[in-house]
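Guided by the hints, dock chain B onto chain A, whose structure is given.
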Amino acid sequence: MESSFPILTSLVAVPVAGAVLVTLAARRRPEVVKLVGLLASLVTAALSIWLLGTFESGEAGFQFVSRHPWIEPWGISWHLGVDGISLLLVVLTGILFPLAILGADPHHDTKAYLAWLLLLEAGMMGSFLSLDLFLFFIFFEIVLVPMYFLIGGWGYEGRVPAATKFFLFTMLGSAFMLVGIVATALLARDSVGRLTFDLVELAEQAEFATSTGRWLFFAFAIAFAVKIPLFPLHTWLPDAHTQAPTAGSVILAGVMLKLGTYGLIRFGLYLFPEAAVWARPLFLTLGVIGIIYGAVVATMQRDLKRLVAYSSIAHLGFIVLGTFAITSQAVSGGVMQMINHGLSTGALFLLVGWIYERRHTRQISELAGLQQVAPIFAAGFMIVMLSSIGVPGLNGFVGEYLILIGSFLTARWWTVVATAGVILAALYLLWAYQRVFHGEPDEENRHFPELRPREGAVLAVFIGLIVFSGVYPKPILDRIEPSVDAIIAHVEERTDFVVPEPDQLVVEEEDEGG
Amino acid sequence: MIGQDLPDFAGPPVGWFALSPLLVLVGGAVVLLVVGALTPRWPKGGYAFAAALTSGAAAALAMVQWDDITDRGPVTLVAGALAFDTFSMFVTIVICVAVLLVSLVTDDYLRRESYDGPEVYAMYLIVAAGGVVMGAANDLIVLFLGLETLSLGLYVLAASHRRRAESRESGIKYFVLGGFSSAFFLYGIALVYGATGSTNISEMVTALQATVRLDGDDALVLAGVAMLLVGLGFKVAAAPFHVWTPDVYQGAPSPVTAFMASAGKVAAFAAMTRVLVVALPFYRDDWRPAIWVLAVVSLVVGSTIAVVQTDVKRMLAYSSINHVGFILVGIEAAGHSAGETDGGPGVPSVLVYLMAYAVLVIGSFAVVTVVARTGDGATDLDAFRGLGRARPALTVALTIFLVAQAGVPFTSGFIAKFGVIQAAADERSYALAIIAMVTSVIAAFLYLRIMAAAWMSDDDADDDREPVQVPFSTGLAVGAAAAFTLLVGVLPGWLLDAADVTGQFAR
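Chains as they are written, first to last, in the numbering used here: chain A, 1 to 514; chain B, 1001 to 1507.
Just chain A, with the same shape it has in the complex (with noise of 0.2 Å):
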């Protein structure tokens, strides 16, 4: 679809400009500053929707696509498409700022605070629409930086050297990474024809030699394990998430860890189909682990923070095992699973912010009985946490849901062991809910101030999204799958690994019965 307007250019532009502006306001007028930086971030959201609004369901390429040269020594161009998979990720990335904005207050240094978001926001929303290996990087990379400072800056206790082991991890992982997208680039020069970094072309036209592509995908993987984060690659993200103010937490876990199952998508099944589909068993276990180990190290936390910054391991398990699957359901599962999971625990990570805004405190045993004095904060927080727990009827059934029926055609077992997340996931999150929310209340929390409007407003919306995909996901799938069914046509494509039929194993089971 041809676009006059360059509105995917304008989504990464339009945060850079608000960061801009805001550095650019006046230091002693912090209202001028607050309403620069959202707006900033409102018209991010506003070109968001009406990007997908505009986005031709059905279609399985890339839409609104932006390409100019940009290092032409080098064979790069700024070359932008967003698809199916992407678009949502985009629209979650839109959202989620403002709200995070809106829902969160700095208390100090709000210039610089927002500055560092917009920055932020603007990296992400690179990170989704680049179609090119070394813009994908660049600002997979770049993202780095502001997440560093706002943790470093406004976090926690701890917070400098939880942001100092983020920013290592993370650039170790990329730090592979950068060496496999060079050797991409210079190794399918031959098979593509020139020097080029441009990943449609690559996956199309690049071939490799059966191990090179395989090393090729553990240099991109291993950025990607570190980034979901992948157990045994896990260990910075409860520290990131416990001290870093609540906006980073909830940009943190709602849309920065789904750069790593996105890459996982777009840069590895895609771009090294081969080398995805002989890894299946390793990423298959790893997820399942994620899943297991995630929830049974929550249901130990003391601290309400680091319970759900675990069940985030956990939750993005299940998107792993989703893509792996390599199925149409259980990839377009884990895609709608990275957007319920957005949304879910950014919810929750800003609950857990008014909370500790509250009480100063996020240990479960010195809360008790909220919802007595504070009953509409109670149920806001219950419908959020009963949708991370996946319950029919809100958005998080419908993700894990299509990734355990589309996964149990092709990784069975992983499938059943996955299953007792799902009960898991259940039992943490409503012992901790009974322990904070039930109960008698004592004297420190009998004055547990109820939700104040602006907080209402913002959890309104987060309720908004969550019933209504919850119930009604069928225009959200309609746009997921179609490039997920060409992601999976070119696996099956360029390797020998068969997508079985649903119907088939019904009917084969039929057979054996009669």
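In case anyone wonders, no lab produced these hints; they're calculated from the structure.
Beta carbons: idealized from backbone N, C-alpha and C, even for Gly.
Keep in mind that the hints are not guaranteed to be accurate.
What the simulated footprint calls covered on chain B by chain A, stretch by stretch (three residues with Cβ under 8 Å from a Cβ of chain A suffice, anywhere in the stretch; the number is not a length) [unchecked claim]:
{"hint": "1", "segment": "1420 to 1433"}
{"hint": "2", "segment": "1488 to 1496"}
Label pairs and their in silico Cβ distance ranges [what the hints assert, rightly or not]:
{"hint": "3", "chain 1": "B", "residue 1": "V1396", "chain 2": "A", "residue 2": "K474", "range": "56 to 62 Å"}
{"hint": "4", "chain 1": "A", "residue 1": "P69", "chain 2": "B", "residue 2": "W1016", "range": "38 to 44 Å"}
{"hint": "5", "chain 1": "B", "residue 1": "T1304", "chain 2": "A", "residue 2": "G456", "range": "34 to 40 Å"}
Okay, now just chain B, sitting in the frame of chain A:
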């Protein structure tokens, strides 16, 4: 050829115009010294302005000649003593830019430390002339002359803050070790001369081309190559020949450290390229593994030891050793196709790295200079605490330099690192590329420590320290360096194009 248009006289034909950048630098130094000594104290900033103007003029002349070379091809000058090619012009421009930026920083520094005068600037220009000769030398003896001019100037500069014991100590240390390494280098020249019968690079290459040396017959050349490598290793500060670097960098006056780390390193790497890639391509399979080892050791030692330092100048000294490792990755890549008509991506990647790094390191040390406060002593990490609140603009610039050194995108440091990694991957040196990238992550920890001290410390620096002052010309240099860092990060095409044509050496 340019030199042949001139009227005959006894000596070899001299391409006066082609030599003009060099002549301007030397002339500027002499004028500054003589006129500066004979006239009363110049008005504020006069000496620095003269030095900056001279180096700017030399850089402009080098740019004018760039087109001459790309149009007419590379030639040699003064009877084959100097090479007139794009490589030497690139090196000239980088060194002149370094002199220009460092002069701006030095101006404020000298007045703060109250020993303003023309000598330091004259030394800068002399050192720059030596560096230009090293980058353009087509004869090992000429190269040695350039090297000694550069080194002697730097020894003096290191000791130039006469009232500080650390500065004098640093000068002595540098002098002793530098003299030692020059001896190695000279001995290497002698051995290679013994094997080839000439110190002229063109004649050496011809001699090596004409005689096929069979096994065991080339011990003389190999010993010479080893000696040359030791000497060059000292000059570029590659581990394990790096031990002088931290002490000298820490003790020398901060602007001089900036100058050593930029112009000094650029000239040393230019000399290394001349000696290894241009003069000894026939022995590339012998020196390349040595460079590989030097690169790995520099990368690992530089990054890991940097992490445990508490003094910012020492941190940056060790991080410079890590950067040396990165540049050696580029030299190693150049070693795969040294001597071939298509020089490969190695040499251009080295030049881009040198350009980016020179500006970065000057910017970083310029910030250190102002933070060090009067007496040039406050360079520990604590001196940076609370800088983000006291001097936000300066700290933003420092942050840009540090993230660029860590190789974060949209900065020149990323483009530089990407270039050498690409060159290494192009020659299938994947192991080296991965080691380099992993050590850059270790080194990133050190940059994060400085940034965390500047931005994220709760308490301010000790109250008894004087507030950090950012004088105008230092601010100008820092701003220009930061702007350049971001410009190259976003629009690197012009620099890459320029570096791309440097593979053709005059010989």
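Right, here's what the structure says about each hint:
1. 1420 to 1433: holds (count 6)
2. 1488 to 1496: Coverage by chain A holds for the segment 1488 to 1496 of chain B (3 residues, Cβ < 8 Å).
3. B:V1396 <-> A:K474: 56 to 62 Å: Violated: the Cβ-Cβ distance is about 48 Å, outside 56 to 62 Å.
4. A:P69 <-> B:W1016: 38 to 44 Å: 41 Å, holds
5. B:T1304 <-> A:G456: 34 to 40 Å: 52 Å, violated
Hint compliance for this structure: hints 3, 5 are broken, all remaining hints hold.
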